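Enquirer: Sequence:
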Amino acid sequence: MPKRHVYSKDTHGFGDFVYVDLLPTVKRSRQFNMNVIIALLYAIVLAFFLIYRPYSSAMFELEDLNSKNYDYRHELSLTQAEFEGYEIDLSAIQFDQDISELLLLRVDFNGLLDDLEIKSDLYKGTIEAVSYRAETKEFTIEVSFPSQYYYNSLNTEILGLDWVVTSEAEQSGEDANTYIYKIGVDYHVE
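First residue of the sequence shown: 1, per the working numbering; consecutive thereafter.
Be aware that one or more of the hints could be misleading.
Stated by the list, open to error - What follows is a list of derived Cβ distance ranges for each label pair:
id, residue 1, residue 2, range
1, E87, T136, 36 to 46 Å
2, M34, F60, 36 to 46 Å
3, P54, N33, 46 to 56 Å
4, S147, I118, 48 to 58 Å
5, Y149, L113, 51 to 61 Å
6, E117, Y149, 49 to 59 Å
7, I37, S57, 25 to 35 Å
8, D96, L122, 57 to 67 Å
9, Y72, L161, 30 to 40 Å
Simulated from the structure, these hints should not be mistaken for lab results. As the structure is a prediction and not an experimental result, all values here were calculated from the model. We treat Cβ as the ideally placed atom computed from N, Cα and C, and that holds for glycine.
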């Protein structure tokens, strides 16, 4: 609130006037405000946690990744030098096509053998030996029968199977009731 000073010069009211101070009361700038210190300290703490900490952890991670990257590059160059030192021919070890050609020779051997065992048991035959030759694409089966009739009946049954191509019997030398015959296999049958 402004100060009011009233002056008078003499008793007759000759020089009376009123002096009014319209300027507000202001504190001098010499007094240091504590709010400034608190705000500055708060800004420093926030800057530390929001800027410096993430930046420093990211810098440590970047340095770690750069060192690992350098180690891996060095290891790769050593491995390449070792690979070139062995003079490995990559065309010699690429055998995907050979594997795909071998897959065509795949046969469900257990399923086919089960069919033959069931059929030979029905005709009182005993399977003595079974072998498979991939080069000639055939099974060689040695079966013992009590008589020629049982062999003829089983041979007819085997020729009726859908995976059999041919059946040619060869009678073994010493036992008149043991027969060896070969069965071709159709590879494209599921």
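Enquirer: For every hint, state whether the structure bears it out.
Expert: Against the structure, the hints come out as follows:
no. : hint                    : verdict
1   : E87 / T136: 36 to 46 Å  : holds, 39 Å
2   : M34 / F60: 36 to 46 Å   : holds, 37 Å
3   : P54 / N33: 46 to 56 Å   : violated, 32 Å
4   : S147 / I118: 48 to 58 Å : violated, 20 Å
5   : Y149 / L113: 51 to 61 Å : violated, 24 Å
6   : E117 / Y149: 49 to 59 Å : violated, 20 Å
7   : I37 / S57: 25 to 35 Å   : holds, 29 Å
8   : D96 / L122: 57 to 67 Å  : violated, 44 Å
9   : Y72 / L161: 30 to 40 Å  : violated, 59 Å
Consistency note: the structure conflicts with the earlier hints numbered 3, 4, 5, 6, 8, 9.
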